[in-house]
Amino acid sequence: MSYNLKENLMREERLAGGHRMCAGCGSPIAIRTVLRQLEPGDKAVVTGATSCMEVSTFMYPYTAWKESFIHNAFENAAATCSGVETAYRALKKQGKLDDTYKFIAFGGDGGTYDIGFQSLSGAMERGHDMVYVCYDNEAYMNTGIQRSSSTPRFADTTTTPQGSVIPGKIQNKKDLTKIMVAHGIPYVAQTTFIGNFKDICEKAHKAIYTPGAAFLNVMAPCPRGWRYPSEDMMKVCKAAVETCVWPLFEVVEGKYYLSYEPKNKLPVEEYLKMQGRFAHMFKPGNEWMIEAFQQEVDRRWENLLALCNL
Amino acid sequence: MSYKKASEINEKIGWRDITPGCNIYEGGTSVTVETGDWRTMKPVINWDKCKQCLLCAPVCPDMSIPVTAEGKRGEFDYFFCKGCGICSKACPFGAIEMVKDEK
Ligand SMILES: Cc1ncc(C[n+]2csc(CCOP(=O)(O)OP(=O)(O)O)c2C)c(N)n1
Ligand code: SF4
Ligand code: SF4
Ligand code: SF4
Ligand SMILES: [Mg+2]
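In order, the protein sequence lines correspond to chains A and B. According to numbering that gives the first Met the number 0, the stretch in the first sequence is residues 0 to 309, in order. According to numbering that gives the first Met the number 0, the stretch in the second sequence is residues 0 to 102, in order.
Read the hints as simulated data drawn from the structure, not as lab findings. These numbers come from a predicted model, not from an experiment. Do not take every clue at face value.
What the hints assert, rightly or not - Non-contacting residues of chain A with respect to chain B, defined by C-beta distances greater than 10 angstroms in every case (computed):
#, residue
1, A86
2, P228
3, L306
Said to hold, decoys possible - In silico BS3-like links for lysine-lysine, alpha-carbon gap of 30 angstroms or less:
#, chain 1, residue 1, chain 2, residue 2
4, A, K262, B, K50
5, B, K99, A, K262
6, B, K41, A, K262
7, B, K3, A, K5
8, A, K92, A, K173
9, A, K5, B, K88
10, B, K99, A, K272
11, A, K42, B, K41
12, B, K99, A, K95
13, A, K173, A, K95
14, A, K282, B, K3
15, A, K237, B, K71
16, A, K234, A, K272
17, A, K282, A, K177
18, A, K264, B, K41
19, B, K3, A, K237
20, A, K234, B, K3
21, A, K197, A, K262
22, B, K48, A, K197
23, B, K71, A, K205
The beta carbon of each residue, even a glycine, is placed where N, CA and C say it ideally should be.
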């Protein structure tokens, strides 16, 4: 069925209010949007990696999750999810369960790109019928904005403080989405919040309902760590897409499809200038940082276009 | 085994009476937590300007813009709304104004 915003919003809201994430946080937007793509009547078992999302939605005895939710530890959301999915398949086979359950793991970038990476890789390789959703805010936000392997080069974080010694983070961002593609799983996609949410809703639905393992990487800005006014969330997401800093694409059975090609690819400054974590890149003498950032974005974009046969 | 409801669990409960493994046996128990009192700015809708495009509803991080069973945008849920302002910027018709929240 083709996407319809109104129909989509009339579905059951599966995340409850009263969670303690900051005003304007991107993470709950990602969660509620993904969960809304469950077909009415289907239930989910959700596992969550320790993160801002986990500590603020699951504060005993207050849970914001209407679905079954399991917090195990930081590094094993995917392993936990894969175990429950296996138990479910066994119970189904024995005729002990009738309901349809879907299996979804949520983790931040720290929990996904770094510390939960091996359990994620294992769960994907084993081909469990589950989807792993990374809400990527490009640092360990919950413990005070430490750099992760997802943090972009030059970003000012508390463990990569920009100044006379280093220019912010030294290394480039890890391209995790492509690493997940290399697992040969049936569905991988990268998305964020744009316009009427068609892109993220359609990708989340495919990720949940494609049989086998799926991975969804959602850029979910953190106004606190990125240092922009909270009301500008949608502007930041749009700039990330229009500058090709965060391209929208999906990979179905190993085949790349570009979801959106900007008519005029904007210079990266349009994205960087909105955020305090990149402010030092605009100081006189630091022009080389913006050039280097642009070069890396261009390199990855050209590579993506080639993969999409464009 | 104690299958206590969230409403029966508070700071004074003893360890014998707490649920095993700190399990919670109901979904969505956070709804009793008022996060609206975090707000410094408050979104206010001008219904004359609202065209019911619904573009503000999916952007809310706090489930504070309900869509009714008839598919219409409802009034803000100020019990949860933290006043982030995302909805105000997302409205293409300038129907949501952020005003200082006087309490
Ligand atoms: C094994 C382990 N190491 C460290 C921590 C402390 N810790 C809790 S949340 C967190 C940061 C999570 O970062 P990320 O996954 O990016 O999620 P975010 O908070 O940014 O949303 C850290 C380091 C922990 N809980 N467990
Ligand atoms: S610190 Fe950032 S990621 Fe964490 S709750 Fe606040 S806005 Fe969200
Ligand atoms: S101000 Fe923020 S929390 Fe309040 S309704 Fe608008 S988007 Fe939701
Ligand atoms: S975005 Fe503006 S016009 Fe559209 S439904 Fe919301 S308030 Fe009304
Ligand atoms: Mg993070």
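We went through each hint and held it up to the structure:
no.: 1; hint: A86; verdict: holds (17 angstroms)
no.: 2; hint: P228; verdict: violated (8 angstroms)
no.: 3; hint: L306; verdict: holds (29 angstroms)
no.: 4; hint: K262(A) x K50(B); verdict: holds (28 angstroms)
no.: 5; hint: K99(B) x K262(A); verdict: violated (39 angstroms)
no.: 6; hint: K41(B) x K262(A); verdict: violated (36 angstroms)
no.: 7; hint: K3(B) x K5(A); verdict: violated (38 angstroms)
no.: 8; hint: K92(A) x K173(A); verdict: violated (40 angstroms)
no.: 9; hint: K5(A) x K88(B); verdict: holds (20 angstroms)
no.: 10; hint: K99(B) x K272(A); verdict: holds (27 angstroms)
no.: 11; hint: K42(A) x K41(B); verdict: violated (35 angstroms)
no.: 12; hint: K99(B) x K95(A); verdict: violated (55 angstroms)
no.: 13; hint: K173(A) x K95(A); verdict: violated (43 angstroms)
no.: 14; hint: K282(A) x K3(B); verdict: violated (58 angstroms)
no.: 15; hint: K237(A) x K71(B); verdict: holds (26 angstroms)
no.: 16; hint: K234(A) x K272(A); verdict: holds (12 angstroms)
no.: 17; hint: K282(A) x K177(A); verdict: violated (33 angstroms)
no.: 18; hint: K264(A) x K41(B); verdict: violated (35 angstroms)
no.: 19; hint: K3(B) x K237(A); verdict: violated (46 angstroms)
no.: 20; hint: K234(A) x K3(B); verdict: violated (45 angstroms)
no.: 21; hint: K197(A) x K262(A); verdict: holds (19 angstroms)
no.: 22; hint: K48(B) x K197(A); verdict: holds (24 angstroms)
no.: 23; hint: K71(B) x K205(A); verdict: holds (27 angstroms)
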